[in-house]
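Peer 1: Chain by chain, the residues run as shown.
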Amino acid sequence: MARFHNSKTKVFVKPIVKKQQQQQQQPNVDHITGNKIPKSFVFSRGKLPGPLRQLQMDLRKLMLPYTALKLKEKKRNNLKDFLNVAGPMGVTHFLILSKTETSPVLRVAKTPQGPTLTFKIHEYSLAVDIAQSQLRPRCPQDLFKNPPLIVLSGFAAADEQLRLTTMMFKNIFPDIDINTVKLSSCQRIVLLNYNKDTKLIDFRHYSIRLQPVGVSRRIRKFVQNHQVPDLRNLQDVSDFITKAGYGSESEADEEAATVTLTSDLSRVNRASTKSAVKLQEIGPRMTLQLTKIEGGLCSGEVMFSEYGNGGNKKKPGNEEGNEKEDCEDSDDDDEADNEEDMEESEED
Amino acid sequence: MVMEEGSTAVGKRKRNMGKKKVKKPKNKKLKMLEGKGKKLRVSKKMRNLFEKRARQYNSDDDEEEREEGEEALGDTRIGRGGDNSSEESDGSEEVEIQPGVMKFTDGVRAFRLAFKNIIKRNVADDSLGPVLSGHKQLVAKKLAEEEAERKVKGEAKKEKHLVAEKGHVKPANYLGSHEKFLIGIATKGVVKLFNAVNKAQKAEKGLDPSRSKDAKGFIAFCYTIPFILLSFWQALLEIVGDLLKLSGNTSSDPRNEEEPAWAPLRDNYMLTNPKLKNWDKTAEAGIADDAGRMSGDSGSDD
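Quick note, the sequences are listed as chains A and B, same order. Using full-length UniProt numbering, read the first sequence as starting at 1 and increasing by one per residue. Using full-length UniProt numbering, read the second sequence as starting at 1 and increasing by one per residue.
Hints in this document: simulated from the structure, not taken from any laboratory. Be aware that a few hints might be false.
Simulated pairs of lysine to any residue, SDA-like, Cα-Cα distance not exceeding 20 Å [claimed, not checked]:
id, chain 1, residue 1, chain 2, residue 2
1, B, Lys180, A, Lys74
2, B, Lys188, A, Gln54
3, A, Lys243, A, Ser216
4, A, Lys243, A, Val223
5, B, Lys188, A, Gln280
6, B, Lys166, A, Gln211
7, B, Lys199, A, Thr260
8, B, Lys180, A, Gln54
9, B, Lys192, A, Lys75
10, B, Lys160, A, Gly50
11, B, Lys192, A, Ser184
12, A, Lys70, A, Ser103
13, A, Lys75, B, Ala164
14, B, Lys188, A, Cys186
15, B, Lys192, A, Gln54
16, B, Lys192, A, Gln211
17, B, Lys166, A, Ser103
18, A, Lys74, A, Arg107
19, A, Lys274, A, Thr287
20, A, Lys278, B, Lys180
21, A, Lys170, B, Ala196
22, A, Lys170, B, Lys188
23, B, Lys180, A, Asp129
24, B, Lys188, A, Lys61
25, A, Lys278, B, Ser177
26, A, Lys278, B, Lys160
27, A, Lys182, B, Lys192
28, A, Lys196, B, Glu179
29, B, Lys188, A, Ala257
30, A, Lys182, B, Glu179
31, B, Lys180, A, Leu97
32, A, Lys182, B, Gly189
33, A, Lys61, A, Lys243
34, B, Lys166, A, Leu97
Whenever a hint applies, use it, and build me the whole structure from the sequences.
Peer 2: Below is the structure:
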């Protein structure tokens, strides 16, 4: 039976190899800073219901551009298959979605040797839901062409699991070198906010938009849209400039949310002008709870568990057991190395 | 007319053979019979019979035809039930002589027996019989059962859907206080980063002259230097020429003089082009004209 399985998986791995050729265009190393670019796989274990599958797709989009957007997975693929492919492709992180009776579960793992953070998804909203809730959803074409920024807030506590979470999420996106980065490439931001009281992590994904400050809304729109303004109700052309606009003029740009640009960002946002930073959510939205940290990749020593200490508590769901089998043999022997690796990553 | 009718039914072996005068109803019957007894061979006896009939038909006219036909067939008939009122039946019976075809009377009796049997049969009340109106309760029961089944199924489906949707929350249309708070945090982060980037890149710019605007201006200025020099050179040549003229040493033919090989250094550079000749004068004149039109005292300009 096992042999049968293997032969089948080989058949499947083929398309991934093709994908690898495609992705080889993407550099493994940032050519300016020389840092290693983290890459990720987002996949699922076990059968997911429709909304969760959508969430998986949203997460893939969020992880763009250094992820496999069209990663194909089969039921018979075990974690080892992904691991085997991850090595040559330079994939450094796995985001694994699975489902239990109680709630969906997101696991964030570093390859090839862990650690693995297990989050329980208390609530989630898809990007579609969020777009539907908005009056004017915004999606510029090159929104997903650059990696997002990441903002972690509230993780200041000295707990080790929080520090580990911080490190994990910091390293999941490419580093930004403030000397060379182009501000126009900063289009998205991922926010992780830890709430001390509830111990929940709010996961949000926003698009960044800059608007010139000190210009009336009308003129801004005129410059942005290139449309002939409606002058019917005005006495004179000068009214168009001097008369205050309506409505949203009141949402005064707070001083805190303005930046002064040094270089031209776009046609409207020129150098040495003040621009307001506006964020609009693009989703997905998740409320996570850190439940477990394992030393290895979905296995190994349990370093932290929300439900009591030690690994006595096994999560419901049969796929957990399967994966344990999958990677037990690979991870048992280098558990000691894991510890060192982790310490290294924390120092970084 | 007869022949025509026959021709319409080409391929009907019996009729061609018999060349009868055939009325439509008879025709029908024959067709039917033919379909029924295709497998049967036409026996010699039959053939004789048909020939005989054909002869009779040909000799007689239409009215007599049927009666004679009946008479002729009279001996072959076995117990006409008397119930067959139509004359078409004779055609059928004449063929029913063939072996293997049930006689009409037998068929009637068998049918009667079968029908009686069905009528006599006593159907039990409890099972769904042929008469549905008698089983209202049963039908209702069945329907109710189905309904319940569907309900259970629907509930199971709903439950499954609920499990699938677990944790899935549709966001509100407005920004809640928590969302605003989160956006505030994110904005703060972005502003911090942008400011840091700007600070870093500004410092970089200050060090690197090629990037600043002044540098650009300088480069542009550098590009204009050759032209400035050229115009300066031309002006110099002009002055020298004037001086030469003034001193009276004007040469009879300037072309004999040694002229520079490079065109821009020649006196008449660009002046050979008629368009460019007097370019400054025409422009001035135009301005003067405008000025003159606008205000009367244009003399000061000239």
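Peer 1: Against this structure, judge whether each hint is valid.
Peer 2: Results for each hint:
1. B:Lys180 with A:Lys74: Outside the cut-off at roughly 40 Å; violated.
2. B:Lys188 with A:Gln54: violated, 30 Å
3. A:Lys243 with A:Ser216: Status holds; Cα separation ~9 Å.
4. A:Lys243 with A:Val223: holds, 17 Å
5. B:Lys188 with A:Gln280: Holds, at roughly 14 Å.
6. B:Lys166 with A:Gln211: Not OK: lysine 166 of chain B and glutamine 211 of chain A at ~39 Å, beyond 20 Å, violated.
7. B:Lys199 with A:Thr260: Distance ~10 Å between lysine 199 of chain B and threonine 260 of chain A Cα, so the pair holds.
8. B:Lys180 with A:Gln54: violated, 25 Å
9. B:Lys192 with A:Lys75: violated, 45 Å
10. B:Lys160 with A:Gly50: This hinted pair holds, its Cα atoms lying about 12 Å apart.
11. B:Lys192 with A:Ser184: This hinted pair holds, its Cα atoms lying about 16 Å apart.
12. A:Lys70 with A:Ser103: violated, 25 Å
13. A:Lys75 with B:Ala164: Between lysine 75 of chain A and alanine 164 of chain B the Cα gap is close to 18 Å, so the pair holds against 20 Å.
14. B:Lys188 with A:Cys186: holds, 15 Å
15. B:Lys192 with A:Gln54: violated, 33 Å
16. B:Lys192 with A:Gln211: Distance of about 17 Å is within 20 Å: holds.
17. B:Lys166 with A:Ser103: The hint holds at about 6 Å.
18. A:Lys74 with A:Arg107: Given pair lysine 74 of chain A, arginine 107 of chain A holds - Cα atoms ~18 Å apart, limit 20 Å.
19. A:Lys274 with A:Thr287: violated, 34 Å
20. A:Lys278 with B:Lys180: holds, 12 Å
21. A:Lys170 with B:Ala196: Holds - the C-alpha atoms of alanine 196 of chain B and lysine 170 of chain A are around 18 Å apart, at most 20 Å.
22. A:Lys170 with B:Lys188: holds, 17 Å
23. B:Lys180 with A:Asp129: holds, 18 Å
24. B:Lys188 with A:Lys61: violated, 24 Å
25. A:Lys278 with B:Ser177: holds, 17 Å
26. A:Lys278 with B:Lys160: violated, 40 Å
27. A:Lys182 with B:Lys192: holds, 15 Å
28. A:Lys196 with B:Glu179: This hinted pair holds, its Cα atoms lying about 17 Å apart.
29. B:Lys188 with A:Ala257: holds, 7 Å
30. A:Lys182 with B:Glu179: Violated, at about 28 Å.
31. B:Lys180 with A:Leu97: Violated: lysine 180 of chain B and leucine 97 of chain A sit about 28 Å apart, past 20 Å.
32. A:Lys182 with B:Gly189: holds, 17 Å
33. A:Lys61 with A:Lys243: violated, 43 Å
34. B:Lys166 with A:Leu97: With Cα atoms ~14 Å apart, lysine 166 of chain B and leucine 97 of chain A stay inside 20 Å; holds.
The structure fails hints 1, 2, 6, 8, 9, 12, 15, 19, 24, 26, 30, 31, 33 (numbered hints given earlier, in ascending order).
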